[in-house]
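Student: So the chains spell out like this:
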Amino acid sequence: MTQETLLIGLAGVLASAAPIVFAVLGETISERAGVINLSMNGTILLSAMGGFAVAYNTNSLWLGFLAGALIGALVALIVAFASVTLQQSQVAVGFVLALTCRDLSYFLGNPYMGLTGPRLTATPIPFLSDLPIVGVLFFRQDAITYLSFISIALVWLWIYRTRPGLVLQGMGEKPAAVYIRGGNVNALRYVYTIVGGALIGLAGPAFSLAIRAGWMGTISGLDGVGWIALAITIFGGWNPARAAFGAYLFAFLQWLGLVLQSTFTEIPSQVLQVAPFPLMILTLLFVNIGNTEWVERMLALLPEPTRKFFAKLLRAMRASPPAALGAPFERD
Amino acid sequence: MLKARLKNLAFQLAALILAFGAVSIILISAGASPWEAYKNMFLGSFGSVRKFAEVLVAFVPLLLVTAGLLVTFSAGLWNIGVEGQVVMGAIVTTWVYRLFLESGWNPALIIVLAILGGMVGGAIWAALTGLLKTFGGVNEIFGGLGMNFVATAWTIYLIFGPWKRPGVASMSGTEPFPDEFSLPLLANLRLSPWALALGLIAIVIIYFLLQGTYFGLRLKAVGKNFRAAYLLGIPTWRYSLYSFLICGALAGAAGAVQVAAVYHRLLPSISSGYGYLGLMVAMLINYQAIWAVPVALLFAALNIGSIQLPIVMKLDSSLSGVLQGALVLFVLLMEGARQKLIKRAS
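As given, the protein sequences belong to chains A and B, one line each in that order.
Anchor point for the first sequence: position 239 equals 238 in numbering that gives the first Met the number 0, and the numbering is continuous, going up by one each time.
Anchor point for the second sequence: position 50 equals 49 in numbering that gives the first Met the number 0, and the numbering is continuous, going up by one each time.
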């Protein structure tokens, strides 16, 4: 493999990770506010179909992306209403929506199967795209990939460098404290769930209008992406930068699978495509195992220098969910 | 008391009307007549003996999965990995068949071994998710989802790799077994009365396990309040694992029935999504075993009835999933509204 093809391959990894980046950022925001949006897998499919249908009928890519974001926001609104206002189980509502939106996308998308519609093309940025290496990697992408880069920075800055971001952090950990300081916890949860949902909704058109242009129904290969994004959110430890890194790592592994397939032809392609899943379980195990009781007990038994080393290692990998995740908030 | 009952009923009825209303609007917006669609789905599932037999074919694995999920839900666990447990049951059943096909043993014995193997396979797969949860701190939802993908990948690997058909491997699955290794079927149908009996016995056992035994009581205590149960001296993690094992075994039995009675081979989509559908049934019946049979039958009928839609009306058969989802969603929402009203009144 020459340097040129390697660079183009890696640039492709950055582009193909864009939808997953949107999805994990959206989910991170939502969960930071205390609401798990488990509908992600269905939302992405429905917004992929809806975004394509709108773009196809209006011949406007931007309306397509807008439609995707609106669909995501709407599904998130249902999740927020059921969990915040009606105080029902977030997992139950999210799971039902995940299945229902998936089937709805297949049902309503039937007439759009296999049609050729508008497709986003690359917009190289003048001057920057001519830079060696970084030019190919970052500055010859399409608009939605640029937006994915910018979103990572914006979400990170919002959570860690602004005042409302500080409140957002508090909402996932101790909503009562936010309430005492005059914050309207439930209204804010609505806002963040809907904004997060809109970001998740962008993932759909990022597939159907850019990466795998068109709508292919059950064989579009999008079923499952949302579940992966959910796992990556946890891998990311509710930190947008780390979650985005997880998305890129996943896209890289999938690309590696494709590259390896041409070398190891005896392994069926379907197997290499799911190779990231066992890895995902293992990473979840590493991220979580530091939180369990028996590991702490084992650590206490170790001699001092080794204990320190392992404790540090586990702490570096560990990610604890926001303490109030999934719990409804009541004033009294 | 009677008034509260009536109020409950009114809310459930409202949920039903809202669900059908929403789906009707979706149908109209797709340019189809809702009445025609519902009629075709009804005729497609109850229109003839053959069609109703197909409904029962779908009903058996759905009932087995639901029965298992009632146990994990009682223990407060969201066993989303049930889908992979069905797949694993099918894989191990196929494996046992392949081991003994040429052995010359009595086919009846081989069938029993294959189904038991499937149950063990499903139980082991569930136990892995349970161990990840209790000793690895991995939430059962995420661990289970990952295990689902691994199980599906494994099926595809086996079908295209070591178990491929002589000649060319394809999505149509492995080489079918000879007829004498099938669970006995009714004449000209894919329905096995043995499988049906297995499903019904399973739900009855689970009903009594949860309602009438000390084990069921402790299990529910763990599900209601994990910490309190632990403090009362119930070995909580062991009860969590037991519930995973029971659910996995029943899901494995569903996979085994798919192989031993319905398809007689391993297919890439051997579970037909019955694992996820079972979760929907369990939610709709509010985790009460007594309602499992009628609701699982309804969902099976919707699945089979929708097969008619592409043929007769050129509509996608995923409408059944939309209708099932709308039913569960509106029942959840109306239940929330009811609780909210009660709280406000008191």
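Careful: at least some of the hints might be erroneous.
[To be verified] Label-pair restraints from in silico Cβ distances:
#: 1; chain 1: B; residue 1: L231; chain 2: A; residue 2: F148; range: 18 to 24 Å
#: 2; chain 1: A; residue 1: A142; chain 2: B; residue 2: L8; range: 50 to 56 Å
#: 3; chain 1: B; residue 1: A227; chain 2: A; residue 2: L136; range: 53 to 59 Å
Simulated from the structure, these hints should not be mistaken for laboratory data.
Keep in mind that this is a model prediction, so the values were computed, not measured.
Every residue, glycine too, gets a C-beta built ideally from N, C-alpha and C.
Student: Does each hint fit the structure? Answer for all of them.
Tutor: Here's how the hints hold up against the structure:
Hint check: B/L231 to A/F148, Cβ distance near 53 Å, so the stated range 18 to 24 Å is violated. Roughly 54 Å separates the CB atoms of A/A142 and B/L8, a value that falls within the hinted 50 to 56 Å. For B/A227 and A/L136, the Cβ-Cβ distance of about 55 Å falls inside the hinted range of 53 to 59 Å, so the restraint holds.
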